[in-house]
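K.L.:
One letter stands for each residue in the lines below.
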Amino acid sequence: MKDAASATPGLSARFDGRQGAFHLRAAFDVPASGFTALFGPSGSGKTTVLRCIAGLQRLEGRLSFRGEVWQDGARFTPPHLRPVGYVFQEPSLLAHLSVKGNLEFGLKRARQVRIGMDEVIGFLGLQPLLGRSTLRLSGGERQRVAIGRALLSQPELLLMDEPLASLDAEAKSEILPYLERLHQLMAIPILYVSHDAAEVARLADRVLLMRGGQVEPAPQPGGPGGEAAADALEGAGCERILGLALAALAAGLEPAKLSGGPSKA
Amino acid sequence: MWEVVRLTIELAGLTTVLLLILATPIAWWLARSRRWWREPVAAIAALPVVLPPTVLGFYLLIALGPASPLMAPLHLFGVRTLAFTFTGLVIGSMVYSLPFAVQPLRNAFEAIGDRPLEAAATLRASPFDTFVSVALPQARRGFLAAAILVFAHTVGEFGVVLMIGGSIPGRTQVVSIRIYELVEALKYDQAHLLAGGLVLFAFLVMLSMLLIERRVGRLQP
Numbered sequence: 608m609k610d611a612a613s614a615t616p617g618l619s620a621r622f623d624g625r626q627g628a629f630h631l632r633a634a635f636d637v638p639a640s641g642f643t644a645l646f647g648p649s650g651s652g653k654t655t656v657l658r659c660i661a662g663l664q665r666l667e668g669r670l671s672f673r674g675e676v677w678q679d680g681a682r683f684t685p686p687h688l689r690p691v692g693y694v695f696q697e698p699s700l701l702a703h704l705s706v707k708g709n710l711e712f713g714l715k716r717a718r719q720v721r722i723g724m725d726e727v728i729g730f731l732g733l734q735p736l737l738g739r740s741t742l743r744l745s746g747g748e749r750q751r752v753a754i755g756r757a758l759l760s761q762p763e764l765l766l767m768d769e770p771l772a773s774l775d776a777e778a779k780s781e782i783l784p785y786l787e788r789l790h791q792l793m794a795i796p797i798l799y800v801s802h803d804a805a806e807v808a809r810l811a812d813r814v815l816l817m818r819g820g821q822v823e824p825a826p827q828p829g830g831p832g833g834e835a836a837a838d839a840l841e842g843a844g845c846e847r848i849l850g851l852a853l854a855a856l857a858a859g860l861e862p863a864k865l866s867g868g869p870s871k872a
Numbered sequence: 036m037w038e039v040v041r042l043t044i045e046l047a048g049l050t051t052v053l054l055l056i057l058a059t060p061i062a063w064w065l066a067r068s069r070r071w072w073r074e075p076v077a078a079i080a081a082l083p084v085v086l087p088p089t090v091l092g093f094y095l096l097i098a099l100g101p102a103s104p105l106m107a108p109l110h111l112f113g114v115r116t117l118a119f120t121f122t123g124l125v126i127g128s129m130v131y132s133l134p135f136a137v138q139p140l141r142n143a144f145e146a147i148g149d150r151p152l153e154a155a156a157t158l159r160a161s162p163f164d165t166f167v168s169v170a171l172p173q174a175r176r177g178f179l180a181a182a183i184l185v186f187a188h189t190v191g192e193f194g195v196v197l198m199i200g201g202s203i204p205g206r207t208q209v210v211s212i213r214i215y216e217l218v219e220a221l222k223y224d225q226a227h228l229l230a231g232g233l234v235l236f237a238f239l240v241m242l243s244m245l246l247i248e249r250r251v252g253r254l255q256p
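Protein chains in written order, with our numbering: chain A, 608 to 872; chain B, 36 to 256.
It is worth saying that the hints were derived from the structure and are not from the lab.
Please read these numbers as outputs of a predicted model, since none were measured by experiment.
Some hints here could point you the wrong way.
Covered by chain B, according to a simulated footprint, are these stretches of chain A (three or more residues, beta-carbon under 8 angstroms) [unchecked claim]:
(1) 690-697
(2) 742-748
(3) 754-762
(4) 780-788
C-beta: ideal position from N, C-alpha, C; glycine also.
Construct the entire structure; sequences and hints are all you get.
P.N.:
In structure tokens form, the structure reads like this:
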């Protein structure tokens, strides 16, 4: 099933544009299913890539998803017409709405409903939070609501921009299990930005490396990308290198798992 | 005397409603636009703060007078002039109070920031939908502040209403001008009543403004 899904085109991104001194050169594909991590150090342009995919930002390039062109030359589909769910780094709940109001915001505007309120509430354990104001939630609770809200907007592609980066260790360990089980709830491709190798190793089926505004394919051992990866690891801690090695294992070392991570399909 | 008070409240109320409708798109554009001529436009919208009311009143009188090219389309409907009419007074009050509506609204829109609007866009809300369902409710305290300021400022104006309204009882005579005339006629008792009423009104306005500001300050994370 996973192999068939991988054969259908997912996201195809070809960006080559400048924003001030920053030059984004990214050419990569994201398969139509599975958990893809966009991994790289801070400031490498990961968030910019994600924003360009969502249409929140516009840099020169070409972008299509499942054969539908979102950006090409003068053509640019505005963000609200792209079927993406977006989870920001800091939970960006709408402060004038309750938790329930936030969850319903995208649901009310979705054209077809594939996943319902009850399912998402049950999956993320949001029942006790529903009536609360968004100002009275902990960081982890806010991010859980933000994830639920993104899922309820009925996305065909889920973009997550370091959703755990602003959380403390306890909140992180609260959210991680939900992220690991996301594919059980919705069979949509997930593009996940992170600079945390341990997180990537735990979650990702495959890894895209990003450095200095460029996206490189995950390095093969002894292959041409190896040197760049070694540079990227300069000064990184032992745990981080181990995490990245695990990520590389999951992504590329075993050909059998290239098209589907262990038990993630 | 009650006629004067009623007319003043009518003028201030109508000015407030119409001006908030007019100032909202202007303030939104000033808050969101990245064009270089944004600040020149903001400066024009703020001009009434620094111009003497007589200057504003003078130009308004000419603009709303029978010889004005602005009035030409209205000649077709049998309206020769809006000077010395209640309509003219409303228009004049709107111009005079424009900055008091635009500035708090612009501040409120800018305080929202990009993020909630971007979040709404990724949740399938069109730009107009986002404006109505996110920007307007999040800027509600700005609207409250703008409404109070415009209402109070209109009640307190003198120069502009005198220049373009004259002081026609029942049509264009408002409290501030009535007080001036009462004092000139040495009718201090009635002048005291109206003036004291305005002092009480001004106090309530300032108090409510301060209370709103404190609430806003407390709610900001």
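K.L.:
Are there at least three residues in the stretch 754-762 of chain A whose beta carbon sits under 8 angstroms from a beta carbon of chain B?
P.N.:
holds (count 3)
K.L.:
Given that the stretch 742-748 of chain A was listed as covered by chain B, double-check it with a C-beta distance under 8 angstroms for 3 or more residues.
P.N.:
Since three or more residues must qualify, the claim that chain B covers the stretch 742-748 of chain A is violated, with 1 doing so at under 8 angstroms.
K.L.:
Count the residues of the stretch 690-697 of chain A with a beta-carbon closer than 8 angstroms to any beta-carbon of chain B: does the count reach three?
P.N.:
holds (count 5)
K.L.:
Taking a Cβ-to-Cβ distance below 8 angstroms as contact, does the stretch 780-788 of chain A have at least three residues touching chain B?
P.N.:
violated (count 0)
Consistency with the previously given hints fails for numbers 2, 4, ordered from lowest to highest.
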